[in-house]
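Q: Now for the letters of each chain:
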Amino acid sequence: QKEVEQDPGPLSVPEGAIVSLNCTYSNSAFQYFMWYRQYSRKGPELLMYTYSSGNKEDGRFTAQVDKSSKYISLFIRDSQPSDSATYLCAMSKGVGYKYIFGTGTRLKVLA
Amino acid sequence: DAGVTQSPTHLIKTRGQQVTLRCSPKSGHDTVSWYQQALGQGPQFIFQYYEEEERQRGNFPDRFSGHQFPNYSSELNVNALLLGDSALYLCASSPGFREQETQYFGPGTRLLVL
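Chains as they are written, first to last, in our numbering: chain A, 1 to 111; chain B, 1 to 114.
Calculated from the structure, these hints are not laboratory results. Check the hints yourself; a few may be wrong.
Stated by the list, open to error - Pairs of lysine-lysine residues, derived as BS3-like cross-links and limited to a Cα-Cα distance of at most 27 Å, are as follows:
1. A:K93 <-> B:K26
2. A:K70 <-> A:K2
3. A:K70 <-> A:K56
4. A:K67 <-> A:K56
5. A:K2 <-> A:K67
6. A:K56 <-> A:K2
7. A:K56 <-> A:K108
8. B:K26 <-> A:K42
9. A:K93 <-> A:K67
10. B:K13 <-> A:K56
11. B:K13 <-> A:K108
Stated by the list, open to error - Negatives, chain B to chain A, calculated, CB over 10 Å:
12. A2
13. S7
14. I12
15. T14
16. R15
17. Q17
18. T20
19. S33
20. Q48
21. P61
22. S73
23. N77
24. S94
25. T102
26. V113
What the hints assert, rightly or not - Here are a few chain B residues that sit away from chain A, every Cβ distance over 10 Å (derived from the structure):
27. P8
28. K13
29. G16
30. Q18
31. Q41
32. E52
33. S65
34. H67
35. F69
36. E75
37. L82
38. D85
39. L88
40. F105
Please read all numbers here as calculations on a predicted model, not as lab measurements. C-beta atoms are modelled at their ideal positions from N, C-alpha and C, and glycine is treated no differently.
Could you build the full structure based on these sequences and the hints that come with them?
A: Written out as structure tokens, the structure reads:
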């Protein structure tokens, strides 16, 4: 069993829809949770970064962490065709620790 | 302010050859981590360098080695290349262990082994 599980998709939604992306994990030692966006043939770009449980909002993006369920989510409001990319969740145990990534979910927002 | 830079962008090698990839961290960052991303997969941690020493290592064979220079830039070396080493190699930098700040990734080097 992988430490971090993420549905690879693809996920197709119409423009303007609310998108929900999720990851589950098995290691309760994870403390830091990140979401990256990766366009085809590019490096990952940081979207959201949260510590421990709770919610964090930045523009159209909201990240949620539920440590009791070992479940994290990323919500994208008013999705745009430019949001079409692969979304990677990542987790680490602490400062300076390596990141463990999910496989990524491929999202396509249709105009 | 330049972000993380990597060179070369693309590389084609044959089995058995050796390759060196280079990374310059974001300004103000002193820690460099390397990841391998196979097609359709998430990045896999190879190793991390801080103060010119390897601090953490993932499940990669000794064919993968690295170095960090006094200016914090880093190299990833892979010996005796295998077909399975074909992947996108990502470098990420962070400000080390002093404070929690997330890792910023470079654009990657795409390696094809024939």
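Q: Determine for every hint whether it applies to the structure shown.
A: Hint check results:
1. A:K93 <-> B:K26: Satisfied, since the Cα-Cα distance of roughly 23 Å is no more than 27 Å.
2. A:K70 <-> A:K2: holds, 13 Å
3. A:K70 <-> A:K56: This hinted pair holds, its Cα atoms lying about 17 Å apart.
4. A:K67 <-> A:K56: With Cα atoms ~14 Å apart, K67 (chain A) and K56 (chain A) stay inside 27 Å; holds.
5. A:K2 <-> A:K67: holds, 17 Å
6. A:K56 <-> A:K2: Holds. K56 (chain A) to K2 (chain A) sits at ~26 Å (cutoff 27 Å).
7. A:K56 <-> A:K108: This hinted pair holds, its Cα atoms lying about 24 Å apart.
8. B:K26 <-> A:K42: holds, 17 Å
9. A:K93 <-> A:K67: Distance of about 13 Å is within 27 Å: holds.
10. B:K13 <-> A:K56: violated, 44 Å
11. B:K13 <-> A:K108: violated, 33 Å
12. A2: At roughly 14 Å from the nearest Cβ of chain A, A2 (chain B) sits farther out than 10 Å, so the non-interface label holds.
13. S7: holds, 13 Å
14. I12: At about 15 Å from chain A, I12 (chain B) clears the 10 Å cut-off, so the statement holds.
15. T14: Holds, because the least Cβ-Cβ distance between T14 (chain B) and chain A comes to about 22 Å, which exceeds 10 Å.
16. R15: Holds, since 24 Å exceeds 10 Å.
17. Q17: holds, 23 Å
18. T20: holds, 19 Å
19. S33: violated, 7 Å
20. Q48: violated, 6 Å
21. P61: holds, 17 Å
22. S73: holds, 17 Å
23. N77: holds, 19 Å
24. S94: Per Cβ check, S94 (chain B) is inside 10 Å of chain A; nearest 7 Å; violated.
25. T102: The claim is violated: T102 (chain B) sits with its nearest Cβ about 5 Å from chain A, within 10 Å.
26. V113: Per Cβ check, V113 (chain B) is outside 10 Å of chain A; nearest 18 Å; holds.
27. P8: holds, 14 Å
28. K13: holds, 19 Å
29. G16: Its Cβ never comes within 10 Å of chain A, the nearest being 27 Å, so this holds.
30. Q18: holds, 24 Å
31. Q41: Check fails; 6 Å does not lie beyond 10 Å.
32. E52: E52 (chain B) clear of chain A: closest Cβ-Cβ about 15 Å, beyond 10 Å.
33. S65: holds, 17 Å
34. H67: Consistent with the label, H67 (chain B) stays out of reach of chain A, its closest Cβ about 18 Å off (over 10 Å).
35. F69: holds, 19 Å
36. E75: Consistent with the label, E75 (chain B) stays out of reach of chain A, its closest Cβ about 18 Å off (over 10 Å).
37. L82: holds, 22 Å
38. D85: holds, 18 Å
39. L88: violated, 8 Å
40. F105: Not fine: 4 Å to the nearest Cβ puts F105 (chain B) too close to chain A.
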